Amino acid sequence: MRKLRLWLAGLGLAFLWGQAEADYTLNLTEGVTELSRDVHDLHMVIFWICVAIGVLVYGLIIYSIANHRKSKGAIAADFHENTKLEIVWTVIPFLILIGMAIPATRVMIKIYDTSGADMTIKVTGYQWKWRYEYLDEGLDFFSTLDADSNRARQTGSGIRPASVDNYLLNVDKPLVLPTHKKIRFVFTGADVLHSWWVPALGWKKDTIPGFITEAWANIEQEGTFRGQCTELCGRDHGFMPIVVVAKPESEYRAWIAEQKSAGAAAKADATREFSMDELMARGKTTYESNCAACHQATGEGIPGMVPAISNSPVATGPIAQHLDVVLNGKGAMMPAFRETLSPVELAAVVTYQRNALGNGMADMIQPSAIKSN
Amino acid sequence: MSASAATHDDHHDDHHDDHGPAKGFMRWVYTTNHKDIGTLYMITSLIMFMIGGAMALVIRLELFEPGMQYVDPGFFNQMTTLHALIMVFGAVMPAFAGMANWMIPIMIGAPDMALPRLNNWSFWLLPFGFVMLASTLFMEGGAPAAGWTLYPPLVLQTGDSFPFTIFTIHILGISSIMAAINIITTVLNMRAPGMTMMKLPLFVWTWVITAFLLIAVMPVFAGAVTMLLTDKYFGTSFFNAAGGGDPVLYQHLFWFFGHPEVYILILPSFGIISQIIPTFARKPLFGYSSMVYATASIGLLSFVVWAHHQYTVGMPIAGELYFTYATMLIAVPTGVKVFNWISTMWRGSMTFETPMLFAIAFVMLFTMGGFTGLMMSISPADLQYHDTYFIVAHFHYVLVPGSVFALMAGTYYWLPKWTGYMYDERLGKLHFWLTTISVNVTFFPQHFLGLAGMPRRIPDYAVQFAEFNAWSSVGAFVFGFSQLLFIYIIIKAVRGGQKATDEVWEGASEHGLEWQLPSPPPYHSWITAPFVK
Amino acid sequence: MKGHNTIPMNEDYYLPHKATYPIVGSIGLTTLLVGFANQLNGHAIGSTLMLAGTAILVFMMAGWFSEVIRESLAGNYNHQVDISFRMGMIWFITSEVFFFAAFFGALYYTRIYAVPWLAGEGAFESTGELLWKGFQNVWPTNGPDSIGGVGPEGHFEPMGAWGIPAINTLILLSSGATVTWAHWGLYANNRRQLIIGLIATVALGFLFVFLQAMEYHEAYTEMGLTLGTGIYGSTFFMLTGFHGLHVTIGAIFLLVVLLRSLRGHFGHDNHFAFEAAAWYWHFVDVVWLGLFIFVYWL
Ligand code: HEA
Ligand code: HEA
Ligand code: CUA
Ligand SMILES: [Cu+2]
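Chains A, B and C are the protein sequences, given in the same order. For the first sequence, our numbering gives the first residue as 6, with consecutive numbering after it. For the second sequence, our numbering gives the first residue as 22, with consecutive numbering after it. For the third sequence, our numbering gives the first residue as 495, with consecutive numbering after it.
Looking at chain A on its own, in the form it has when it is part of the complex (with noise of 0.2 Å):
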């Protein structure tokens, strides 16, 4: 029975050592807002309150079971109430709450206070991507999750996660930001319910169709920060990570500037003639980062889910009936993608579909033809 009392002993030890090693190691994030840090604090103190409530309830449990054994001789006592203990055993508790809803009543109006920010970014989630609209600069474009830790989390890719920079927490496109301006975000979602996460700015917050949400930051300090959606929102719910880049008021009025120029170059682009190889070159990459994750990188599709590309009637039937589909989407699991593709790039995807993947179709579709639709 002695050898039962040390395991005791050596359980509760290691509880609480490994709690006091996440204080180190593992803890939440102390993040780069003032929110964050608020929150973190908040979490410090409530978790030190937690680890001593635990070690006296634990410590009563483990001396008593120590102590009052009958195999110790120990011969059972017979009060069974304590009017006076049990009061207090009530109001202390009650006290801590109280000492714990102070401070977290603090932080929590100042999360919600949205007013007097310096720009406002909307945020919206899609199945699986991320869109951003600084809507104070007329910018908008997509982020989604990067190509090479696309490729290696394909089922049975054979790509060591590891050896992938960031693996899952990359994108083709990072949200950019200013440091030290006060930030209000608008969320919402363009499907089903997202959330978007970076825990270095101390919140998540969900992104709800039809509804808009909010939330706010001030970044202090320069660098990538990243994070995830954190509402389950289907198949690739998992792969759909975050990434700000926190740069000075400078450098980001500066890539404003030069996203504004390339988007302009981009949209007289897409009113020119492409070539059959250009538009392959690009439908490759578009099918890979959008199309593969279901239809797969060959086309075979995913039996009994996912129909296949590959001799599919419809990417071998009439080229309308097919961008059709890749515009509006079918059936539950079939995504639109009419908002979240460009023109050129959903000629782009059609095309290769329809020339690619086992299929030989030998015809192509304008990028301008689909700007008409």
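Careful: at least some of the hints might be erroneous.
As the list claims (entries may be wrong) - Simulated crosslink set (EDC-like; lysine to aspartate or glutamate; CA at most 16 Å straight-line):
#1 A:289 / A:153
#2 C:512 / B:57
#3 A:127 / C:576
#4 B:220 / B:531
#5 A:178 / A:145
#6 A:186 / A:278
#7 B:450 / B:531
#8 A:265 / A:141
#9 B:513 / B:446
#10 A:127 / C:651
#11 A:75 / B:86
#12 A:335 / B:531
Unchecked claim - Which residues of chain A face chain B? A few of them, derived with a C-beta cut under 7 Å, are:
#13 116
#14 172
#15 237
#16 243
#17 365
No wet-lab data here; the hints were simulated from the structure. Model, not experiment: these values are computed from the prediction. From the three backbone atoms N, C-alpha and C, an ideal C-beta is built for every residue, glycine too.
Using the hints, position chains B and C with the ligands against chain A.
Only chains B and C with the ligands this time, still in chain A's reference frame:
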């Protein structure tokens, strides 16, 4: 609490069947006997625990290392969803219902449950419900994959299995409501003379309160999923903003059910633990009446805290704060229970048979889960914790070394009574230690994963989470296979062994009527009502 | 009847040896629901299964209830059994109350919270501004996209309170009175009063259902108001529809009680089925009052 048999006036009505059960399979189909039905419930629960656990092992297998190795992400989500639905509705709830059926009539000195035919139906809906749920795996589009919470709009993307999922919930809901009605009626109407409400064993009390929760919340869940059904097939707009509805409305309805539901999963455990600790401490339960009031307070509070699952949906700040305060309050009555258990052990004369080991582990590990629950109830902090593995760790601590441990404790405690034979104590202890160690290896690292930023419901993760996930998976497999030992121990005890005495545990007859009947009890438990002093 | 023992003797509590109907009920319900699910998934077999399931369920209920009636008439049920039945019914009705609470909850939530939010009122300005410009917080509404209704504007007419609904209120309230009057008749061993009271109640019940059907017909054909008319149509038809279903069930229940009364099944101290039906009827009545106030009137 002690009772003496009433003078038995020897007349038997012809409509009584005192000759024991009929033979053959149809006995189980037609039975109205509370012990038979209890046994059916518990066998079903064990099977469901295996199936739900096997699904958990699929989850843990895929999460053993980063990268997608074994399953499709869509299938992974189906596993998460079915694992939770099966564990909650198939393993834990039926197990408690089984114990209620077996023990409540015996513990209150009743001949059987108050409404025996209804009792049969409560059970015999379950197999149909679960076959329906399991069949969704083979349908076009696969099983439901939107999480056990079935949030719209995502759940509306489910394929052919969608209506089957909804109807499964209706069937299970009807079953639970009927079982709850039966239990309340039995306790209120069938107590032996002298068995006042404030003498009820705590297992009975906690079940009465649980039954009230069931009656109040299962219909709301049924209503909520009915709205899902009409939104998908009949053009209603409950959860569609374009028509003036709101996806978050579903969350409110779901959690109005879902939060009390988690107490439905824990209150009977509290009852079992409150039976076991006094027996093995050889002391009366400390603070009986405060235990009753605490349970009732937890039950009442559980109706008014639901939105602590929705801190991130953008409720008005008043809502965030209200739900924070209300949720925190639950720590007070729960603490009362923990302190009462400790005081029961205090200066007792304890022995540590397997039920007691599980009970002590319950108190310690449930408290761990309670602490993380309390941390999550603080809304600003939960904006970080929400939907991460910190939550997964929290609820597995309260559900596995919580509810499931209490069930195991109860099984070991009452198994000699049920079967008439002692289980193998050495194997029982082995099972305890394997289970307790592995459950911590499985779920403790998940705290770190969550705090470090790993979201839940993902089939693959960034490489920095690899180590703890590997630990967690190893723990899960050890835990899972340790349960084969549990099943072996049960089967062994059913088939024979050392005869159990009526009292089974030294001095147990001080602690409940069940120990005054023979082991196993006669087919009709209390033919003559005992008088309780 | 074994008389009213103050100390219940357990062996006097009637325990059936076996229950053959529950498994039939499970098979029936499962068949019905599997049929419905197949129907929704567009499989032809659905409606057949639904019919079969319904038939099995009807068979089950008829069988189960006759068995209970037989036992009751044979005097197997003592006072304690009677109390069990009563408690069972009360808690069953309680669970029904909570079922309606879900739909009332949906109504309150959308009216007080979701619709104003969509319209950008109070703390949530930006939802209206960024997503649904021009949407006003009015009730009834079919939402910012005017889902359902007629024409491109999605126009519909809300259901007024003072036509059929007001008449239906009177009908249900009077039926509550007639059923109580019948109950008095039963207590006074006045069979005539019992039967006339029940006939009146059942008739009023079916009249209510008939009028509601007319109201639905008008809504669908003339008012542009359907189940699919946004959140107003959804809450309106789901609440009144489930209520109507319960009125129908209650009226059938009362009809059975009427038939049994005609056969003289009930005594002044032995009429659980009558009381259960009456309680159910009052519950349906109270729900209607809630509907009248919150769905039609306010
Ligand atoms: C058995 C089931 C069970 C039980 C008992 C509990 C108990 C509690 N739970 Fe838990 N919970 C779940 C099952 C359970 N939970 C599940 C399944 C989920 C996830 C659902 C999903 O999203 O899928 C969840 C999620 C969940 C959340 C949502 C988190 C999120 O998604 O962001 C929150 C937030 O407040 C919460 C809080 C609590 C609290 C405060 C308690 C309290 O009851 C705990 C009280 C106990 C103690 C505090 C310990 C003992 C007390 C003392 C020793 C006294 C002194 C202590 C102090 C004063 C600190 N739970
Ligand atoms: C009572 C409820 C309960 C129980 C007992 C468990 C038990 C377990 N759970 Fe579960 N779990 C939930 C309720 C429960 N869980 C809920 C509500 C969720 C949330 C779902 C959601 O997000 O929607 C969840 C989610 C969940 C996740 C997160 C998934 C995700 O977010 O994607 C994980 C991951 O590790 C997990 C693991 C486990 C493990 C390893 C066990 C183990 O304890 C199980 C061990 C048991 C066995 C392994 C069976 C024993 C038998 C054998 C091994 C024999 C061999 C088998 C055969 C011969 C068939 N669970
Ligand atoms: Cu988007 Cu999860
Ligand atoms: Cu909760």
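- Find the hints from earlier in the document that the structure breaks and name them by number, from lowest to highest. Those not satisfied are hints 3, 6, 7, 10, 11, 12, 17.
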